[in-house]
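**Q** Take a look at the letters that make up each chain.
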Amino acid sequence: MVRTYYPDTAYEAMKARSEAPGALLVSGGTDVMVRKPAYEAVIILNGAGDLAEIRQEEDGSLFVGAEVTYADMMQDHRIPEIFRTCIPGIASPAIRNAGTMTGNICNASPAGDTLPVLSIMDAQVVIGSLDASGQEVSRTEGLLSFIQGIRKIDLLPTEVVLGVRLPLSNWERQNVCYYQKVGSRRAESISKASFAASARVEDGTIKDFRASWGSVGIKPVRFPDLEKKYAGTPVSDLKARKEAVTADFIEGIHPIDDQRSTAAYRRQVSANLFSDFIDSLGG
Amino acid sequence: MIEFTLNGKAVESQAGPTDRLLDVLRNEFGCRGPKEGCGEGECGACSCLVDGKLMNSCITPAGAVAGRTVVTLDGFRDTDQYKLLDQTFAEAGAVQCGFCTPGMIMAAQALLSKNPHPTEQEIRLAISGNLCRCTGYNMIINAISLAAERGKGLW
Chain Z
1 MVRTYYPDTA YEAMKARSEA PGALLVSGGT DVMVRKPAYE AVIILNGAGD
51 LAEIRQEEDG SLFVGAEVTY ADMMQDHRIP EIFRTCIPGI ASPAIRNAGT
101 MTGNICNASP AGDTLPVLSI MDAQVVIGSL DASGQEVSRT EGLLSFIQGI
151 RKIDLLPTEV VLGVRLPLSN WERQNVCYYQ KVGSRRAESI SKASFAASAR
201 VEDGTIKDFR ASWGSVGIKP VRFPDLEKKY AGTPVSDLKA RKEAVTADFI
251 EGIHPIDDQR STAAYRRQVS ANLFSDFIDS LGG
Chain A
1 MIEFTLNGKA VESQAGPTDR LLDVLRNEFG CRGPKEGCGE GECGACSCLV
51 DGKLMNSCIT PAGAVAGRTV VTLDGFRDTD QYKLLDQTFA EAGAVQCGFC
101 TPGMIMAAQA LLSKNPHPTE QEIRLAISGN LCRCTGYNMI INAISLAAER
151 GKGLW
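So the protein sequences, as listed, match chains Z and A. Okay, so the first sequence: first residue is 1 according to the working numbering, each after it adds one. Okay, so the second sequence: first residue is 1 according to the working numbering, each after it adds one.
For the record, the hints were derived by calculation from the structure and aren't laboratory data. Bear in mind that the values here come from a model prediction, so they are computed numbers and not experimental data. The beta-carbon is built from N, C-alpha and C at its ideal position, and this holds for glycine as well. Do not take every clue at face value.
Claimed, not checked - Pulled a few chain Z residues facing chain A out of the computed Cβ check, cut under 7 Å:
1) Tyr6
2) Val26
3) Asn97
4) Pro167
5) Ile190
6) Thr233
7) Val235
Please model the entire structure based on the sequences and the hints provided.
**A** Below is the structure:
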């Protein structure tokens with residue numbers, strides 16, 4: 001008999017994981033129900049009301065609880081605009097009613113649709129557990145170190161992911177946002193390649209910019225050194241040197257052939273999307 | 001034991017928490033509206049409403065509906081809204097083999113209950129998770145817009 005926990009709060013969820021370390025955490029279930037792993041204990045999280053909240057934090061960050069669905073995010077005006085481009089391209093209305101961003105992270109698929117977006121936002125994963133005296137302790141970890149590999153995440157058997165922190169004070173100065181997903185059809189499609197980028201353009205100059213590619217590596221691919229190298233470049237310069245700049249980035253992208261696409265196609269699309277982003281910059 | 005409301009009645013299921021809601025609905029409660037097409041949440045043939053929201057019952061863990069309200073075509077068919085959709089689907093030629101139809105009807109209901117006057121694009125988006133391999137989609141879209149047109153006050 002599978003032991004089942006139905007926590008009403010985040011605290012109860014953490015308590016359940018400390019009582020049953022390694023218990024399967026289920027949010028929307030849209031990925032885990034397809035994979036159907038066997039577990040001795042299961043924690044059904046969708047009744048934990050405080051995990052279904054989106055809240056503004058003191059430092060200006062936006063916390064998106066682990067049980068907030070994609071459909072919920074689309075209803076909240078505080079959610080950054082780039083998600084309004086990304087979310088409607090995820091799966092289907094029924095799946096967006098159940099699926100969560102935290103689930104997308106914890107599923108740790110290279111094709112996770114929100115991952116390139118979260119990567120350029122420098123999103124942090126908020127993780128909670130109970131210490132020996134039953135007190136809540138939490139830690140945060142950057143998205144790209146939390147995801148360790150395909151279906152591998154840095155989560156202890158007693159820990160629960162409480163949600164995602166989006167550091168908006170830093171993000172809001174980005175005045176250009178770009179997201180594209182390439183799949184075989186518009187709905188119900190797992191991406192062959194995806195790309196998110198943003199830039200702060202002031203007086204015709206790129207003050208800083210960020211770019212992240214999805215589905216071309218085990219986790220989203222970002223090049224902080226190259227981003228720094230091109231920060232401070234006038235947009236007109238960047239556009240004039242578009243091919244060389246694109247090549248500079250794409251050199252570091254090493255996709256694979258699989259059932260959905262080929263390495264060559266993914267590289268080409270990754271380059272095209274980056275180039276399209278440069279075209280989209282004003283100035 | 002998982003307690004929830006199914007088509008207006010309080011029920012208790014003996015299923016395990018990660019058993020598929022689809023199997024619970026069909027095998028334990030005899031609801032034949034939801035069908036298994038792909039079993040992976042991609043075809044929408046198993047669609048039902050959970051707290052009024054469209055869900056794929058094949059990938060919904062049974063435990064996730066504890067305390068919630070589930071409506072399948074089997075319960076929805078007693079409503080006036082269903083009767084109109086039934087009529088317009090027949091009129092528009094939106095049914096051929098019929099396997100996708102219960103899911104299409106539930107997707108139409110999920111849409112119209114929130115948006116009684118959808119545009120064609122909104123209808124397309126609302127059924128974008130429901131695959132039909134017979135009629136194509138135009139006749140289904142026509143059926144739903146016809147229902148919206150005639151359903152004054154129903155939704």
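**Q** Answer holds if the nearest beta-carbon of chain A is closer than 7 Å to that of Z:Tyr6; otherwise answer violated.
**A** Constraint on Z:Tyr6 satisfied, holds at 6 Å.
**Q** Please verify that hint: Z:Val235, Cβ, nearest Cβ of chain A, below 7 Å or not.
**A** Interface hint status for Z:Val235: violated (34 Å vs cutoff 7 Å).
**Q** Checking hints one by one. Is Z:Ile190 an interface residue toward chain A, by the C-beta closer than 7 Å rule?
**A** violated, 10 Å
**Q** Quick one, is the Z:Asn97 hint okay against chain A at 7 Å, beta carbons?
**A** Since the shortest Cβ distance to chain A is 4 Å, the answer is holds.
**Q** Hint check: is the beta carbon of Z:Pro167 less than 7 Å from a beta carbon of chain A?
**A** With a closest approach of 31 Å, the Z:Pro167 hint is violated.
**Q** Please check whether Z:Thr233 passes as an interface residue: C-beta within 7 Å of a C-beta belonging to chain A.
**A** violated, 39 Å
**Q** Is the interface hint satisfied for Z:Val26? The criterion is a beta-carbon contact with chain A at less than 7 Å.
**A** Constraint on Z:Val26 satisfied, holds at 6 Å.
Violated hints, in rising order: 4, 5, 6 and 7; the structure is consistent with all others.
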